[in-house]
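Number of protein chains: 2
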Amino acid sequence: MKKSRLILSLLLAFASTLASAQSENPPPVKEDFKPSVLNQPGKEYPQVNSQGYVRFRIEAPDAQKVHVSLGLGGRGGTALTKGADGIWEGTTEGPLDEGFHYYHLNVDGGTFNDPGTLNFYGSVRWESGIEIPAADQDIYALKDVPHGKVEQILFPSKSTQTSRRAFVYTPPGYGKDRSKKYPVLYLQHGWGEDETAWSNQGHANLIMDNLIAAGKTQPFLIVMTYGMTNEVKFGQLSSFDITPFQTVLLDELIPYVDANYLTQADPAHRAMAGLSMGGMETRTITLANPGVFSYVGLLSGGSISMEDLEKSPDFKKNVKLLFVSYGSRELDNPRRGPWGDPKENTAAVTAAGLKTHFYVSPNTAHEFQSWRRSLYVMAPMLFK
Amino acid sequence: MKKSRLILSLLLAFASTLASAQSENPPPVKEDFKPSVLNQPGKEYPQVNSQGYVRFRIEAPDAQKVHVSLGLGGRGGTALTKGADGIWEGTTEGPLDEGFHYYHLNVDGGTFNDPGTLNFYGSVRWESGIEIPAADQDIYALKDVPHGKVEQILFPSKSTQTSRRAFVYTPPGYGKDRSKKYPVLYLQHGWGEDETAWSNQGHANLIMDNLIAAGKTQPFLIVMTYGMTNEVKFGQLSSFDITPFQTVLLDELIPYVDANYLTQADPAHRAMAGLSMGGMETRTITLANPGVFSYVGLLSGGSISMEDLEKSPDFKKNVKLLFVSYGSRELDNPRRGPWGDPKENTAAVTAAGLKTHFYVSPNTAHEFQSWRRSLYVMAPMLFK
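So the protein lines, in turn, are chains S and G.
According to this note's numbering, the first sequence holds residues 547 to 930 in order.
According to this note's numbering, the second sequence holds residues 547 to 930 in order.
Hints listed in this document are in silico derivations from the structure and should not be mistaken for laboratory results.
Mixed in with the good hints there might be a few duds.
A pair holds if it fits inside one copy or across any two, identical chains being indistinguishable in the list.
Unchecked claim - Listed next, the in silico DSS-like pairs over lysine-lysine satisfying Cα-Cα at most 27 angstroms (straight line):
(1) K689 <-> K628
(2) K589 <-> K704
(3) K628 <-> K611
(4) K726 <-> K866
(5) K762 <-> K727
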């Protein structure tokens, strides 16, 4: 397990390249700010302008200092200034990357959420979230198309002696014809997130609804559960061990889903993918259990090397597609991830006969916009 | 609509009797505090002791003042004191009622959530939540029984020109036999809450799972959607109008559910209930549309008077059960709700031939413990 610990530490170091790598001379700020789409009902702030700048307003008239964790990379976030009305206000020093960003406030030395925004589970806490409208936001927009469901299930888990929660995306019309069976993608969140991330932050359900409505993918189920089964706490990463989660996934969740959903319950119709730590889990579990999944997706979560294929010869035999993706800003980073250069690794295993697809999300970092796009690109390639 | 405005104002005044009406001389505090079950993963505070006292600890070393909104009624919450370690700490002046309570912090004049707890939508914002373990918590405990699902659906709404969200509880085994059809309860949240309340705060799914496992109720579907369709903002209650929600419910949601779920799609197998403002909505809609629902539940949301029956003669003809409930502390309150004394009203309509059940939740106020218990008592009486 020592290798896993090292790898996870590297992934997390990698994850610190956030939101960020913008130019040193940001453009002048346009005064066309609008409330973020992730604000709580009726809340005017935070606001985002057409360039991707964010303006915060926080009421705390007697505070000494209010600081926002979100800002340009390496510059320590955004300091707010108290106005005559007692409201703290500030604008990011430059535009942020398109898509979703986590953040929080520091008020007089304490960590709090922005009362203006919805909360999203990340960094092992419910964080504030903000959305910079993306040029390609259409792929996860709520449109007037048939919508699938996101079903919360509680499945029995003997290994952890409780009922565990998972969410299951079922496509429009699922279940009306009980003779129609569906393939299944098991899709994992990243470190510090949970089973809510792929639908809340990732809009996985809307991405699927839109792809299906456009005839771009066949319908399939997506199963999302909690991947930090050993209850890793912040600052206790060294305790990470894949075994508890692997047991829940392979011995408990998959049998439950196959028994309770209309699935094509065979390896040819089963995929696993994950982002960041979820990619590491996907990589570890699919290499160690090469007969279980036929499609593998590593989203900002490493790659498969020739050494991996040599150690797990059945992987190449069984896997019909290895999908590897990164945000472009991650690949720009000199710390290229724990398993060597992912593009070179993927080229090597492709040359060795593994079918692969390598995708780079333009101008995004180790954040959800990279993973929304990755799902959008990957989904049509699965179960062919 | 003027009457509705008045009624809603009264309901909200009524709602201010929270958590609270305890004795003037609280017992000495026992030092057996444990983390609240609603804390975020790994968070040690807030804590609850065996008597129902709550202890808060908030890190904000440079703050001037930290105050918690939760405390004994009418005493203005709980003031925290800064310790030598820079942590603000305080304990409620007395034990709180059993069950779920909303709260928030005031830090240097600003409203923030406690970073230790999960968030729950109430008061038109995501609030902190705490749970005082109840003697009867078994009724909504997560047990090793077959579990139903809570399905998020997005249904088309022409009247509001969008896809709207609802949650549908489906009982264990739902859908396996497509010839088996189910009755449906439409269940509404209160003012300032949303469609997440009945499963998050109310544990409606676990209450049903446990009742079904014990053979105490027949299985049925519960549909929960957003009842403040006119987007009422805090401080703008005077704009409340039932029409937009009634249109969504009767003309859009019910037809969608009947078309997409295995329902017994007739009035004899359709119930409507709601808490507080949701009770007011239930009352208004079922009186105005007496042929649509056969079971009506008003949970801390008023009652049906003889005058109502005279104005809507078909109500008595069609309704097979009127369920009316309150928390005992609400009935102790001299402001007995907007429609006269609910117990007297219910006795009068019972004498006039309407089948009713009047339930009082012991030692609870206008809060979720009253409504969890009400659902537990009401469910077995429906669809008989």
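Now the hints, each set against the structure:
no.	hint	result
1	K689 <-> K628	neither (40 angstroms within a copy, 50 angstroms between copies)
2	K589 <-> K704	between (44 angstroms within a copy, 25 angstroms between copies)
3	K628 <-> K611	both (9 angstroms within a copy, 17 angstroms between copies)
4	K726 <-> K866	within (23 angstroms within a copy, 40 angstroms between copies)
5	K762 <-> K727	within (19 angstroms within a copy, 34 angstroms between copies)
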